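Trainee: Okay, here's what each chain looks like letter by letter:
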Amino acid sequence: MKAEDQKILKASKCFDIRFSEVDSMKVVWHGSYPLYFEDAREEFGRKYKLEYLRIADFGYFAPLVDLQFHYHKPLLYGMHPRIDIIYRLTEAAKIVFDYEIYDNDSGELMATGRSVQVFMDMDYQLVWSNPDFYQEWKRMWNLID
Amino acid sequence: MEELIIELKKQIIDVLNLEEVKPEDIDNDAPLFGEGLGLDSIDALELIVMMEKVYGIKIKDPSAGKDIFKSINTMAAFVKEHRTK
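Order-wise, the sequence lines are chains A and B.
For reference, each letter of the first sequence is one residue, going 1 to 145 in the numbering used here.
For reference, each letter of the second sequence is one residue, going 1 to 85 in the numbering used here.
Worth double-checking, as some hints may not be accurate.
Each computed SDA-like pair below joins lysine to any residue, with the alpha-carbon atoms no more than 25 Å apart [what the hints assert, rightly or not]:
no., chain 1, residue 1, chain 2, residue 2
1, A, Lys73, A, Gly31
2, B, Lys60, A, Leu64
3, A, Lys138, B, Leu16
The set of hints was computed from the structure by calculation and includes no laboratory data.
From a predicted model like this one, the values you see are computed outputs, not experimental measurements.
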């Protein structure tokens with residue numbers, strides 16, 4: 001499959017900043033961002049049928065093993081941010097997402113990040129190769145032949 | 001065999017982005033995981049892809065995989081015997 005034929009899977013979610021997410025510097029605390037990423041993953045899962053519960057129905061967990069954040073500009077209470085989540089295809093048995101958080105009013109890029117998830121079976125053992133359902137999922141979205 | 005060993009080391013450095021490691025830094029008998037080279041089980045996922053792509057070897061069983069990826073020497077011996085590419 002040629003790279004340009006490959007479909008980009010992307011979901012977006014607008015969200016409000018909770019008062020409790022802001023720290024003493026009056027900016028969104030760095031530790032609030034993982035929850036925004038998680039909300040974005042759930043939004044992606046709903047849109048593209050890759051929900052945590054669906055993964056569990058097939059007999060797998062998908063724990064995070066790597067999370068990266070780059071804080072470009074501070075998010076402030078009262079802003080109207082939007083988070084974009086973009087699926088990155090990898091051959092290894094992983095689920096990789098990139099994230100971009102924008103201030104929806106100015107269009108400015110505020111933060112970016114990446115997450116890596118792997119598959120575990122219900123005995124909490126790492127799964128070495130792509131589960132069948134996951135390969136099927138990639139085929140469904142024309143990511144692989 | 002020596003050629004294959006150097007090739008394997010280069011492949012490992014490449015797929016795991018071990019920018020500061022040179023092939024000659026990796027001891028042929030040292031454990032790849034844990035103490036030796038310090039790889040972890042998540043790194044193994046990339047090695048599995050490399051084994052299939054480069055040598056046409058599918059590793060499905062994690063317990064077998066642990067023996068194969070013990071060291072460069074065990075990897076090279078397995079590749080030599082089972083490669084289809």
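Trainee: With the threshold set at 25 Å, check whether the alpha-carbon distance from Lys60 of chain B to Leu64 of chain A stays at or below it.
Mentor: holds (22 Å)
Trainee: Run the distance test for Lys73 of chain A versus Gly31 of chain A: straight-line Cα separation, threshold 25 Å.
Mentor: holds (15 Å)
Trainee: Quickly compare the C-alpha distance for Lys138 of chain A and Leu16 of chain B to 25 Å and report which way the hint goes.
Mentor: This hinted pair holds, its Cα atoms lying about 24 Å apart.
Checked against the numbered hints given earlier, the structure satisfies every one of them.
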